[in-house]
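J.: Single-letter residue listing:
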Amino acid sequence: MMKRFGKTTTKTVMAGVLAATLLAGCSNSGNAPENAGTNDGGDAPVTVKVFKSHMGVGTIPDANNEHVKYVQEKTGVIYEVKSTPPGSEPTEYLNLMIASDELPDILRPIGGIEQTLIKQGGALPLEELLPKYAPNVWNNIPKEAWDVVRSASPDGHIYYVPKVFLVPERAPMIRQDWLDKVGLEMPTTLEEYKDVLRAFRDKDPNGNGKPDELPTSGREFGKWMDHLFGMFGVAMWEGVPEWDIYEGEIGYAGVSDNMKAAIAFIRELYEEKLLDNETFLNKGDVWTAKINNNLVGSWYHLPANLRDRYTAMLQGAPDAYVKGMPMPEVEGYEGFVTMKSMGEPEWVIPAAAEAKAPYALKLLDFFYDKSNDEFIRFGIEGMQHEVVDGKKVLLPPEDSRPIALGMRNLTTEEDMATRIKETIPEDMQQMVTDIFAVSKADARRIAGDGLPNTVYEGYPDIQSHKLFQEYLTKIVIGEWPIEKFDEFVDRWNKAGGDKVTERVREWHAKLGS
Amino acid sequence: MKLTRGDKVFQTFNYVFLFAAAATMLFPLLQLLAVSFSSPIAADSKQVFLLPVEFTTATWKHVLQNAELWRSFGITVYITVAGTVLSMLFSVLTAYPLAHKDFLLKRPVMLGIIVTMIFNAPMIPFFLTVRELGMMNSLWALILPGIIGTFNMIIIRTFFMGLPKELDDSARIDGCSDAGILFRIYLPLSKPVLATVSLFYAVGYWNTFSRAVLFIRDPEKWPLQMKLRAYLTSPEELASVNMFLGDYDFNTTTLKAATILFATIPIVLVYPYLQKYFVKGSMLGSLKE
Amino acid sequence: MAEWMRNRTAPESRILANMRKHWILYLMILPGILYYIVFKYVPLAGSVIAFQDFQIFKGIGGSEWVGLENFQYIFSYQDFYTVLRNTAVIAFYQLVFGFPAPIILALLFNEVRLMLAKRFVQSLFYLPHFLSWVVVGGIVFELLSSQGVINAVREWLGLEQILFMQEQKYFRSIVVISAIWKDVGWGTIIYLAAIAGINPNLYEAAVMDGANRWKQTMHITLPTMFPTILVLFLLNIGNFLELGFDQIYNLLTPMTYSVGDIIETYVYRAGVLQGQYSVTTTIGLFQSIIGFALLWIFNRMARKTEQGLW
Numbered sequence: 001m002m003k004r005f006g007k008t009t010t011k012t013v014m015a016g017v018l019a020a021t022l023l024a025g026c027s028n029s030g031n032a033p034e035n036a037g038t039n040d041g042g043d044a045p046v047t048v049k050v051f052k053s054h055m056g057v058g059t060i061p062d063a064n065n066e067h068v069k070y071v072q073e074k075t076g077v078i079y080e081v082k083s084t085p086p087g088s089e090p091t092e093y094l095n096l097m098i099a100s101d102e103l104p105d106i107l108r109p110i111g112g113i114e115q116t117l118i119k120q121g122g123a124l125p126l127e128e129l130l131p132k133y134a135p136n137v138w139n140n141i142p143k144e145a146w147d148v149v150r151s152a153s154p155d156g157h158i159y160y161v162p163k164v165f166l167v168p169e170r171a172p173m174i175r176q177d178w179l180d181k182v183g184l185e186m187p188t189t190l191e192e193y194k195d196v197l198r199a200f201r202d203k204d205p206n207g208n209g210k211p212d213e214l215p216t217s218g219r220e221f222g223k224w225m226d227h228l229f230g231m232f233g234v235a236m237w238e239g240v241p242e243w244d245i246y247e248g249e250i251g252y253a254g255v256s257d258n259m260k261a262a263i264a265f266i267r268e269l270y271e272e273k274l275l276d277n278e279t280f281l282n283k284g285d286v287w288t289a290k291i292n293n294n295l296v297g298s299w300y301h302l303p304a305n306l307r308d309r310y311t312a313m314l315q316g317a318p319d320a321y322v323k324g325m326p327m328p329e330v331e332g333y334e335g336f337v338t339m340k341s342m343g344e345p346e347w348v349i350p351a352a353a354e355a356k357a358p359y360a361l362k363l364l365d366f367f368y369d370k371s372n373d374e375f376i377r378f379g380i381e382g383m384q385h386e387v388v389d390g391k392k393v394l395l396p397p398e399d400s401r402p403i404a405l406g407m408r409n410l411t412t413e414e415d416m417a418t419r420i421k422e423t424i425p426e427d428m429q430q431m432v433t434d435i436f437a438v439s440k441a442d443a444r445r446i447a448g449d450g451l452p453n454t455v456y457e458g459y460p461d462i463q464s465h466k467l468f469q470e471y472l473t474k475i476v477i478g479e480w481p482i483e484k485f486d487e488f489v490d491r492w493n494k495a496g497g498d499k500v501t502e503r504v505r506e507w508h509a510k511l512g513s
Numbered sequence: 001m002k003l004t005r006g007d008k009v010f011q012t013f014n015y016v017f018l019f020a021a022a023a024t025m026l027f028p029l030l031q032l033l034a035v036s037f038s039s040p041i042a043a044d045s046k047q048v049f050l051l052p053v054e055f056t057t058a059t060w061k062h063v064l065q066n067a068e069l070w071r072s073f074g075i076t077v078y079i080t081v082a083g084t085v086l087s088m089l090f091s092v093l094t095a096y097p098l099a100h101k102d103f104l105l106k107r108p109v110m111l112g113i114i115v116t117m118i119f120n121a122p123m124i125p126f127f128l129t130v131r132e133l134g135m136m137n138s139l140w141a142l143i144l145p146g147i148i149g150t151f152n153m154i155i156i157r158t159f160f161m162g163l164p165k166e167l168d169d170s171a172r173i174d175g176c177s178d179a180g181i182l183f184r185i186y187l188p189l190s191k192p193v194l195a196t197v198s199l200f201y202a203v204g205y206w207n208t209f210s211r212a213v214l215f216i217r218d219p220e221k222w223p224l225q226m227k228l229r230a231y232l233t234s235p236e237e238l239a240s241v242n243m244f245l246g247d248y249d250f251n252t253t254t255l256k257a258a259t260i261l262f263a264t265i266p267i268v269l270v271y272p273y274l275q276k277y278f279v280k281g282s283m284l285g286s287l288k289e
Numbered sequence: 001m002a003e004w005m006r007n008r009t010a011p012e013s014r015i016l017a018n019m020r021k022h023w024i025l026y027l028m029i030l031p032g033i034l035y036y037i038v039f040k041y042v043p044l045a046g047s048v049i050a051f052q053d054f055q056i057f058k059g060i061g062g063s064e065w066v067g068l069e070n071f072q073y074i075f076s077y078q079d080f081y082t083v084l085r086n087t088a089v090i091a092f093y094q095l096v097f098g099f100p101a102p103i104i105l106a107l108l109f110n111e112v113r114l115m116l117a118k119r120f121v122q123s124l125f126y127l128p129h130f131l132s133w134v135v136v137g138g139i140v141f142e143l144l145s146s147q148g149v150i151n152a153v154r155e156w157l158g159l160e161q162i163l164f165m166q167e168q169k170y171f172r173s174i175v176v177i178s179a180i181w182k183d184v185g186w187g188t189i190i191y192l193a194a195i196a197g198i199n200p201n202l203y204e205a206a207v208m209d210g211a212n213r214w215k216q217t218m219h220i221t222l223p224t225m226f227p228t229i230l231v232l233f234l235l236n237i238g239n240f241l242e243l244g245f246d247q248i249y250n251l252l253t254p255m256t257y258s259v260g261d262i263i264e265t266y267v268y269r270a271g272v273l274q275g276q277y278s279v280t281t282t283i284g285l286f287q288s289i290i291g292f293a294l295l296w297i298f299n300r301m302a303r304k305t306e307q308g309l310w
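Residue numbers (our numbering), protein chains in the order written: chain E, 1 to 513; chain P, 1 to 289; chain S, 1 to 310.
Source of the hints: derived by calculation from the structure; they are not laboratory data.
Just to be clear, a hint being listed does not mean it is correct.
Mimicking BS3-like on lysine-lysine, the simulated pairs with C-alpha atoms at most 27 Å apart in a straight line are [stated by the list, open to error]:
1. P/K106 / S/K21
2. P/K221 / E/K82
3. E/K260 / E/K484
4. S/K21 / P/K101
To give a feel for the contact side, a few chain E residues facing chain S, derived at Cβ under 10 Å [claimed, not checked]:
5. G111
6. G112
7. D285
8. Y456
9. G458
10. Y459
11. P460
12. E470
13. Y471
14. A495
Because the structure is a prediction, the values reported are computed rather than measured.
Each residue gets a CB set at the ideal place from its N, CA and C atoms; glycine is no exception.
When you get a sec, could you build the whole thing from the sequences and use the hints?
T.: Following this line, the structure appears as structure tokens:
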């Protein structure tokens, strides 16, 4: 099946091409698992093709690679990495792989491709195989997460290994040095927060004599300003409304009353120039530059990425210091930091690769085995790390160096602590750790965590949140009054939102049972 | 030639307008150049305008020492040269009969070709067709499936059709065959359009990207534009360079700027070279003979 | 019946005779025809998925036929007419302003007498063509931001700042102007080639007759360019509804959706992100049919005066 296509060129007759292309599509039928023979052999190493998109820079390792060999020694499995070429649309690329019958033995799905597989009978049920071949995966992932996975399939089978992220990744952040300069404490209520923002606007906390401060800011499409929504108990994920419990039932945060209140509040901020008036025009790099240049006082992002920003801030403001901001309290609402921690698909095994499933799972298990932690993190000396003063230090990825496969996607608090130690310079470690602590106290897993995106099928505008974005931005910049929000709710329902809500409720009921 | 007052006013206006507009077009590339020679922090903070801030050559060292990038560069040069030559051959051979007054199938064939210009094949069947032809992972997949650019071919045809019909007749009297007329009369007279279309093809091949994504699995055969995308579209991954301890004098932003220039400058330089064929009166000599 | 037979056989034997006489022309075009069949028509047949509920796992052979259901789906989309109108309006502007721009620029270049200046300016004009829309989009956003040049000028004039990118009334102008800026220089190349083909004797004769530059342009340069202009115009018309995804996508914000959401951005949401290949193909087919109808009409008109495309 995987023969080298380059060699068979001229044999194909034109008519044959026509027929084959049009009719075959991707008939999977005739393909018996060609490696069936190696199954019982036991001794001979088995090659498992692993597909993972976005592998980053570096070359794809071959069978002689030391990292591959080490894993082979431990598991008897030779891993062969397949990845998307740079610049390709990963979903489209995976679809091509399906269409041309080139599915790998285990893959990390993107863009809801796992649902295509499940629906069309192309995914292998794993609940029997996992305990047998991958006990570490089975036991290390909490049962709750497996339940979410079951709920995402029409027949209750476990079709994939989920991603699990047990710590909040995002946090509201604030410039402590600015608070000190304007002589205010960390805000605890909405009113105090507004006072702080006003002081940021008027009292020149960056000390350059110009009124150029942007008390708080966000990005295009309303991304990365989740703190302003979160205060009102709105489940937001990078500017995208999520599904959570409103008035006792699961529903779209975008059409909730909480959302209406939040948008009204954000409109006020915008009008008073407390929210960067160019928020909805900020591309990522512009937004980053504003933070780097000591123009922004309060924002929402990943504390783990703070390093470069903070280094830049220090250039212009040697006493810069960033703290996590607890969600200011708003009367009548329960604010929180939205957390999605489980249920997103991480690994699927195509039904066509059934014969190799035990090996694919063995390979996966290797990465979930605690005793391999050190190797998984540091890999091989000279390839993934070097030893400096007796300590292992990771090498930066580079075009010419082979990448090492990693398959574990289970982040516990302990993992996060280690990651901070390894990637953040010592003098910033405490700062980042503190920020995480603050956001963790406010974090809550939302009810819609793990929702399969099949609920959106046939309703692209609901899935893309297009309507929401339009109303949010136009109301905030003052082009439309807040009353227009009701029209939005109406239009959203008519555009298919009501149908999607029904599906979500069905899913949620199934999850609870 | 005498210039009237109006002519002079117009000339002045024309120069001012053209130079001012041209300056706006040079600006983005100059800024990229400045960014590529600046420090990462200055670049990320958007402090760079037209001159580098905290000048460093670290980014360029990193780019120019990157063997993978050079290999991709070589592949792109190869497909650009080979592809352009083959495309020109195919296009001229197709355009000539379609411009020939005695070719009876002219209209149906043209219509058939135009249809393919307007109706695009869906991606998956296109992919499967090329794959069935055994071109997966072969550089041929970057050349053959687009070897005739319909637009380009039609441009050549239009030019051929504009050549005086008397040329044909006199050549025929001199005993030239149809092929002889093409190679001895038409082609030498068509230098401007052939230069133009070659340029179009060359730029097209140089920018080969989507087909490479579909058909080239082997990273060793990736053309330059794919390498470039690796820097442009996955900033988070590249940013990981900085996620690790150690001080680097370059980052995603400066690398992006440098790789854009690295992938653009060579092809941009082709144009001034080809320009001499657009010089007025290049046809004159051949016509007077 | 017999008459019909005669009428039918006559052209066939005519073609055979033509083939015998001009066999080399048929030989020359053979590779081209093969190319179009193999790489264009064979995959084009895959468009039948517009009439299927295409399931990627089952392929074309295994997927269910649904007739015109996909067409119904796109026509019943509540914003379909907005999307179609936006596309047509922008396309119309592009045609009215974008299409003549390189022609005018080519004529302006033609008036530059200093060869060195001409070559230098021409080379600069075609630089932006090589920048991707991501880069150009970024430049446009920055240029029009509160810190950008335009607002700096407004401030200097004592005018209030305008955030152009979030006001829908400016969106279409921005699209048209940025497209012209990016590609006008590139577009002139083809016309310059046409101008280069003009016999200088014609100009000399015109000068003898006392024609000034303007008259020379109107009576010699433009008419010579005309066949090229016509062909380009027709080719443009054929792809009327295809604006190109990259530009709009990189300039669009939620605040300009109502004027800037076009067919391609809808396809991206509905087809690519949702993996609905049948829907994408259906919309593509719809665009092509409109384009082909327009081309057919204009080609007929062109044939009355000049050469058409076919």
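J.: Measure nothing beyond the straight line between the CA atoms of E/K260 and E/K484; if it is 27 Å or shorter, mark the hint as holding.
T.: Given that 27 Å is the threshold and the Cα spacing comes to 10 Å, the pair holds.
J.: Tell me if the interface restraint on E/D285 is satisfied: Cβ within less than 10 Å of some Cβ in chain S.
T.: For E/D285, the interface hint holds, since the closest Cβ of chain S sits about 7 Å away, which is under 10 Å.
J.: Given the hint that P/K106 pairs with S/K21, test it: the Cα-Cα distance must not exceed 27 Å.
T.: The hint holds at about 15 Å.
J.: For the hint on E/G112, does the least C-beta distance to chain S fall short of 10 Å?
T.: Where the cut-off is 10 Å and the nearest Cβ of chain S is about 7 Å from E/G112, the hint holds.
J.: Hint validation: E/A495 versus chain S, beta carbon distance must be below 10 Å. Holds or violated?
T.: 6 Å, holds
J.: Decide if the proposed pair is consistent with the structure: S/K21 and P/K101, CA atoms, cutoff 27 Å inclusive.
T.: 13 Å, holds
J.: Holds or violated: E/Y471 as interface residue toward chain S, Cβ cutoff 10 Å?
T.: 8 Å, holds
J.: Restraint: E/G111 near chain S, CB-CB cut 10 Å. Satisfied or not?
T.: 7 Å, holds
J.: Under the criterion of a CB-CB separation shorter than 10 Å, is E/Y459 in contact with chain S as hinted?
T.: At 9 Å from the nearest chain S Cβ, E/Y459 passes the 10 Å test, so the hint holds.
J.: Is the interface hint for E/E470 satisfied, with its Cβ closer than 10 Å to some Cβ of chain S?
T.: 5 Å, holds
J.: Would you check whether E/Y456 satisfies its interface hint, that is, whether its CB is within less than 10 Å of any CB in chain S?
T.: Hint holds; E/Y456 Cβ to chain S Cβ min 7 Å, cut 10 Å.
J.: Against chain S, with CB atoms and a cut of 10 Å, does the hint on E/P460 hold up?
T.: Status holds, d = 4 Å.
Of the numbered hints stated above, none is contradicted by the structure.
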